[in-house]
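So the protein sequences, as listed, match chains C and W. To convert, note that position 85 of the first sequence is 85 in my numbering; the numbers rise steadily by one, no gaps. To convert, note that position 17 of the second sequence is 17 in my numbering; the numbers rise steadily by one, no gaps.
Keep in mind that the hints were calculated from the coordinates and are not lab data. What you are looking at is a predicted structure, and each value in this text was computed from that prediction instead of being measured. Ideal Cβ positions, reconstructed from N, Cα and C, are used throughout, including at glycine. Each hint should be verified, as a subset may be incorrect.
[Stated by the list, open to error] Derived list of chain C stretches under chain W, where covered just means 3 residues or more per stretch with a C-beta under 8 Å from a C-beta of chain W:
hint	stretch
1	15 to 29
2	46 to 52
3	72 to 82
[Said to hold, decoys possible] If you want the ones that stay clear, here's a sample from chain C, every Cβ over 10 Å from chain W, calculated:
hint	residue
4	T85
5	H89
6	I93
7	G95
8	L96
For reference, the chains in residue letters:
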Amino acid sequence: MINEYLLLSATLFTIGLIGFIIRRDLIVMLMCLEIMFNAVNISFASFSYYGGNYTGQIFVLFSIAVAAAEAAVGLAIVLALVRSTGINHSDEITGLRG
Amino acid sequence: MSQPAVDQAFFIYFYISLSILSIAVIASRNIIHSAFFLLIFLLHVAAVFLFLNAEFLMVIQIIVYVGGVLALFVFAIMVMNLKEELRHRKFVKFAGAGILAGLLFFAVFYVFIRNIKITPEKPLLGDVNTLGSLLYSYYLLPFEILSLVLLVALIGGIIIAKKNPREDK
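Generate the whole structure from the sequences, applying the supplied hints.
Shown next, in the form of structure tokens:
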């Protein structure tokens, strides 16, 4: 039933959130963002299925496209940061001006 | 839906394997191993979409995530050439507090979703025709705005990631 899918979604979102907080590498932090996106998409799709409505699936489509845009821009920012300063850990970024 | 026990068994398998894979993404030391665990994770999420009668979402998940986003991750890892990663520590200093905050979040979330009930009209049978006609009639304006978002992200990604021409001189 829908409780199981929402529990799955909550579990994956929590794991992604914990990974986003505790990892130092910027790329792995972006991967944890993808995990959280997927958890929310599972929740949308389960509401769409059990509610008998297609709106959830359309929002999953939009969410996937926004996630692709987010990954492109985020990886570009990480690449520019690594190229200009050589830092790829989140707790070593201390200056605002490169 | 004709065999609830089989469905239940598959759901338990996907629950456990998705949890283990997402923990493995976090816990593996090598970044390329994280990327491959993320690959298997995304394929499992596609299978969960198939359980929910969303065939089109399964196809889109595999094409966009596995074919697009994950290839982008692997390219970024390859371009950055992070060899010295194995010596460094993985987690930040306050990792325990982060885990605690995450578990607190999960507890609050569990209280919310514990007794949720949805009135079952009838479960959705995945129909790509209906989905496509709805996407191109009622959701046409968000769809077009989404294409603009993708265009802006494309141009912005190229501009951010290109080399600064003043540094070359």
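Non-interface claim for C:I93 versus chain W (Cβ beyond 10 Å) | Correct as stated: the minimum Cβ-Cβ distance to chain W is 12 Å, above 10 Å.
Does the stretch 46 to 52 of chain C contain three or more residues whose Cβ lies closer than 8 Å to a Cβ of chain W?
-> With 7 residues in contact (Cβ-Cβ under 8 Å with chain W), the coverage given for the stretch 46 to 52 of chain C holds.
Against chain W, does C:T85 hold up as non-interface, every C-beta pair farther apart than 10 Å?
-> 12 Å, holds
In terms of beta carbon proximity below 8 Å, does the stretch 72 to 82 of chain C have 3 or more residues touching chain W?
-> With 9 residues closer than 8 Å to chain W, the stretch 72 to 82 of chain C meets the three-residue bar; holds.
Does the no-contact call for C:H89 survive, Cβ to all of chain W over 10 Å?
-> 7 Å, violated
Interface exclusion of C:G95 relative to chain W, criterion Cβ beyond 10 Å | 17 Å, holds
Do at least three Cβ atoms from the stretch 15 to 29 of chain C come closer than 8 Å to Cβ atoms of chain W?
-> holds (count 12)
Report holds if the minimum CB distance from C:L96 to chain W is greater than 10 Å, and violated otherwise.
-> 16 Å, holds
Comparing the model with each earlier hint shows a violation of hint 5 alone; every other hint is respected.
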